[in-house]
Structures are given as C-alpha cells and as structure tokens.
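Given the sequences, and given the hints that come with them, work out the whole structure.
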Amino acid sequence: MLKSFSDNVIFLDTEFSDLDPTSGELLSLGLVKPSGEELYIEFKYNGVTSEWVKENVLPLMDGQRTTKEQAKEEIINFLGESLPYLVACVSQFDAVYWYKIFGFEKGQNPAYWFPIDFAAMLFAYGLHPESYKDPILLKNLGVDLSKYRRHHALDDARLLRDIYIKFMENGGAMITD
2 MLKSFSDNVI FLDTEFSDLD PTSGELLSLG LVKPSGEELY IEFKYNGVTS
52 EWVKENVLPL MDGQRTTKEQ AKEEIINFLG ESLPYLVACV SQFDAVYWYK
102 IFGFEKGQNP AYWFPIDFAA MLFAYGLHPE SYKDPILLKN LGVDLSKYRR
152 HHALDDARLL RDIYIKFMEN GGAMITD
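Position one of the sequence shown corresponds to residue 2 (the numbering used here), numbered consecutively onward.
Careful, some of the hints might be misleading.
Straight-line C-alpha distance at most 20 Å; calculated DMTMM-like pairs for lysine to aspartate or glutamate [what the hints assert, rightly or not]:
1) Lys55 / Glu106
2) Lys55 / Asp163
3) Lys101 / Glu75
4) Lys69 / Glu26
5) Lys45 / Asp8
6) Lys107 / Glu70
Label-pair distances were calculated between CB atoms; the ranges are [as the list claims (entries may be wrong)]:
7) Asp145 / Glu70: 15 to 25 Å
8) Glu39 / Arg66: 12 to 22 Å
9) Gly108 / Asp135: 33 to 43 Å
10) Asn57 / Glu82: 27 to 37 Å
Rather than coming from a laboratory, the hints here were simulated on the basis of the structure.
Small disclaimer: the values here were computed from a predicted structure and weren't measured.
The beta-carbon is built from N, C-alpha and C at its ideal position, and this holds for glycine as well.
Quick look at the structure:
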C-alpha cells in the first residue's frame, strides 16, 4: 500500500464552457471526500459554449443552477476548515476554474492553494498519464466504468476517488495482467 503525504484530500472535477480559460466559464463542479460524501453544483450560465461541450456536457446537466456566490458558500461549508488538498486529473483546467470562484488572495481559498494532479502521479510511477481512462486497467483494478457518466463533474470526481483509492491500495501500480 502506498502512503500519500496527507490523507486530507478531496477529489475535484469541473466542467466548463470552453477549454480556453480566458473566455470559458464554469458549468458544473463535483467534489467527493474519501468517505464518499459528495457535493455537486451546476452554475447559472447562458453564454456561448464550444460545440464539444454542447454535445458532451450540456446533455448531462439537469440540476438546479446556482450563482458563483451561492456555490462558494456551499463549497466552504462542505470543505470545513481543514484546508484539504484537491486531487484532480489534468488539474490545470480545474485549478483555473476553481480560482474563478475563490480568487488568488491568501485566506480566500478553502482548500490548499494548488491541486494535486493525478495524471502527474501516474507519470511519476511509470504509467502513461492518460492510463486512468484505460478500460482494461480499470477493470483489473476493480473499477466498473459503467457506473459513471463521462464528462459529468460529480461522476468524474467519484471515478477519480475510486481510481485513486485502488491506486494507493496497490502501491501506486495499475494492474495490467
């Protein structure tokens, strides 16, 4: 079993209107604690989205929409005061959109100030950074992909949590046989 620097982690995924962070806006956010406790938020947004988002993300959104200010309060309440490490996969995008909610000022962020990238963890252990979505590897880890909707922020955060736990239990290895 692999031991991480801290057990105070929370799994994050976001969906947004465009990959371009200068014009994109946050559409949804999923947070999952190691215990399985979760928070899902869909944001009020009526602007332009990329064609890819129209086809892959918007059809999965069916919740009540909230403002960034309301979401900020919900997230702060959900995370509490422990300043958890956010774990995200390909975290640079999630980080940009997280900062659009909380800003960069010290003391404003309810989590440690930069996310931990799971794809980089895989790379450090000699695995391709996109192996987290290889169905054969996931099946060998005991992760059933059919339980998750791809490109749904909460399901992606749930999947990341499940993969992370299995990855840590297996000493940082993805089972390939």
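Evaluation of the provided hints:
1. For the hint pairing lysine 55 with glutamate 106, the CA-to-CA distance comes to about 33 Å; that exceeds 20 Å, so the pair is violated.
2. A hinted pair counts as satisfied when its Cα atoms are at most 20 Å apart, and lysine 55 with aspartate 163 does not qualify at roughly 27 Å.
3. The straight-line distance between the Cα atoms of lysine 101 and glutamate 75 is roughly 15 Å, inside the 20 Å bound, and the hint therefore holds.
4. Of the pairs offered as hints, the one joining lysine 69 and glutamate 26 holds, with about 11 Å between alpha carbons and a cut-off of 20 Å not exceeded.
5. Taking the CA atoms of lysine 45 and aspartate 8, the gap is near 33 Å; set against the 20 Å cutoff, the hint is violated.
6. Under the criterion of a C-alpha separation no larger than 20 Å, the hint pairing lysine 107 with glutamate 70 is consistent with the structure, at around 18 Å.
7. Between aspartate 145 and glutamate 70, the C-beta spacing of about 37 Å breaks the proposed range 15 to 25 Å.
8. Against the hinted window of 12 to 22 Å, the Cβ-Cβ separation of glutamate 39 and arginine 66 comes to about 18 Å, which satisfies the hint.
9. For the pair glycine 108 and aspartate 135, the beta carbons lie near 40 Å from each other, so the given range of 33 to 43 Å is met.
10. Checking the proposed 27 to 37 Å range against asparagine 57 and glutamate 82 shows it holds: the Cβ atoms sit about 36 Å from each other.
When the structure is compared with the earlier hints, violations turn up for hints 1, 2, 5, 7 and for no others.
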